[in-house]
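Peer 1: Residue numbers (this note's numbering), protein chains in the order written: chain A, 1 to 263; chain B, 264 to 526.
The set of hints was computed from the structure by calculation and includes no laboratory data.
Bear in mind that the values here come from a model prediction, so they are computed numbers and not experimental data.
Please note that a few of the clues may not be correct.
[As the list claims (entries may be wrong)] Some chain A residues close to chain B (C-beta under 8 Å, calculated; not the full set):
hint, residue
1, Gln-85
2, Leu-121
3, Met-130
Even glycine gets a Cβ: it sits at the ideal position worked out from N, Cα and C.
Protein chains: 2
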Amino acid sequence: MPANDLGLHRGYGIFDFLRVTDHVPLFWDDHLDRFYRSAAFMRLTPAQSKEELKTILKELMQKNGLPDSGIKLLLTGGASPDGYQIGEPNLMIFQQLIPPPPDTILLPGFALLTYQHQRQLPEIKTTDYMMAIRLQPWVKENGADDILYHHGGTVSECPRSNFFIVTQKNVLATPGKNILKGITRKQLLAIASMTGITVEERELSMNDIREAKESFITSSTKRLIPVTRVDDIVFPAFSKDSVTARLYNAFKEWELSAIHKHR
Amino acid sequence: MPANDLGLHRGYGIFDFLRVTDHVPLFWDDHLDRFYRSAAFMRLTPAQSKEELKTILKELMQKNGLPDSGIKLLLTGGASPDGYQIGEPNLMIFQQLIPPPPDTILLPGFALLTYQHQRQLPEIKTTDYMMAIRLQPWVKENGADDILYHHGGTVSECPRSNFFIVTQKNVLATPGKNILKGITRKQLLAIASMTGITVEERELSMNDIREAKESFITSSTKRLIPVTRVDDIVFPAFSKDSVTARLYNAFKEWELSAIHKHR
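Bound conformation, chain A alone (with noise of 0.2 Å):
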């Protein structure tokens, strides 16, 4: 990469990032059409159709020979001969191990507490970060594991992940707007859909979490999690009768389907 790369020096930059499991890269059409989505949103445009990614992606894979492992696809602004105009885009891709989530779904589960805060462009895949990072001592600081952001009376997601709640009724709710749309998150919708559960993209207020009966997260690396508590609402212990258990044994038995298939 050159040292003046907009990346770098301006935060100008998307990825995705893609978990292979059983030298499996994991619904990896999606993840790649989420990243030329997000190119695109930022006037970048790769050099590399998909089917070429996808030809890059099985000799990376070939010469590594890491069954389990996440692959970034890293595109900036490029080399700006004023470093502030859109250069010729750059790609990085990564390859690296990282530990496969449990067999069992995370127990406990994830603490978050919530920070009043918007991302910007929150729709696409973006290098920006900031905000997450810095406050992950904090995070620490008070025992929880993750961040919640909300904004206006709303909550939206955490920084890495996708929040969801189950009401009373059993009806799974999940914000539909300003946020990032999750791989594993539009996997489990529809999965949710096939099953029977009742679906609801809409807003999410502090009132609505403190109703609920379950909640969790989702993550391309993590799957789903159980949320303990959001700042002072404690959520009863993970049970195997729960939705998010049904969930979460649904998803794995859809992503053995997906590896099946993809062989």
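Once you've looked at the hints, dock chain B against the given chain A.
Peer 2: Then chain B, alone, in the frame of chain A:
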């Protein structure tokens, strides 16, 4: 820079930029003080003290021998063990040729387009210019020179400049909150007070701009540039009897005396 630097991957970085004129790093104490303030706010501790940085800058200027240039100090979150926690900060220093500001005020000046946005962590000089860079084509398409951010009914700043108006009563008014306080802005406010011009740091609405008789922006590389229009609000052509002209001349003298003092 390591390939896993948080400045590149998570937009986690701060910087400062100072102008070198006639081999003199202008107002470098102010720039370096702000650099350390930005770093502290982002929980980054440079390995070098201010005096050590000055020694490095002196050596750099001597080696490069550029009478007119810009020096950029960039500090990033460094190589992170997990791509998320802050690492050992990386410091990069760049000296580059930049055209010196013109010897007389730049005419006719800049046309500004307002855009609704509030920068995150506005008080410190982060590398986050995502919004401004993405909007550049839109600015050009609309025949303008730069953006003026506004939010909640008041304007704040341009992406790389501070914004001022001169009221009908010859008061110099400029936003005082939710902005990056520029070094030229700081010097100019001191000069204005010394020359008997009343200064007000306060909220500015579009109506305040409509009723103003002059407007200009300031930056370290551009000194003062008259504003010709903000959206549909057009200002009279620059006049040598204007407050803007008085301030520009006073600033140039101030700059000259700073150069002499530095020697």
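Peer 1: Take the hints in turn and mark each one as holding or not.
Peer 2: Status of each hint after checking the structure:
1. Gln-85: The hint holds - Gln-85 (chain A) has a Cβ within 8 Å of chain B, the shortest such distance being about 6 Å.
2. Leu-121: holds, 7 Å
3. Met-130: holds, 5 Å
When each numbered hint is compared with the structure, no violation occurs for any of them.
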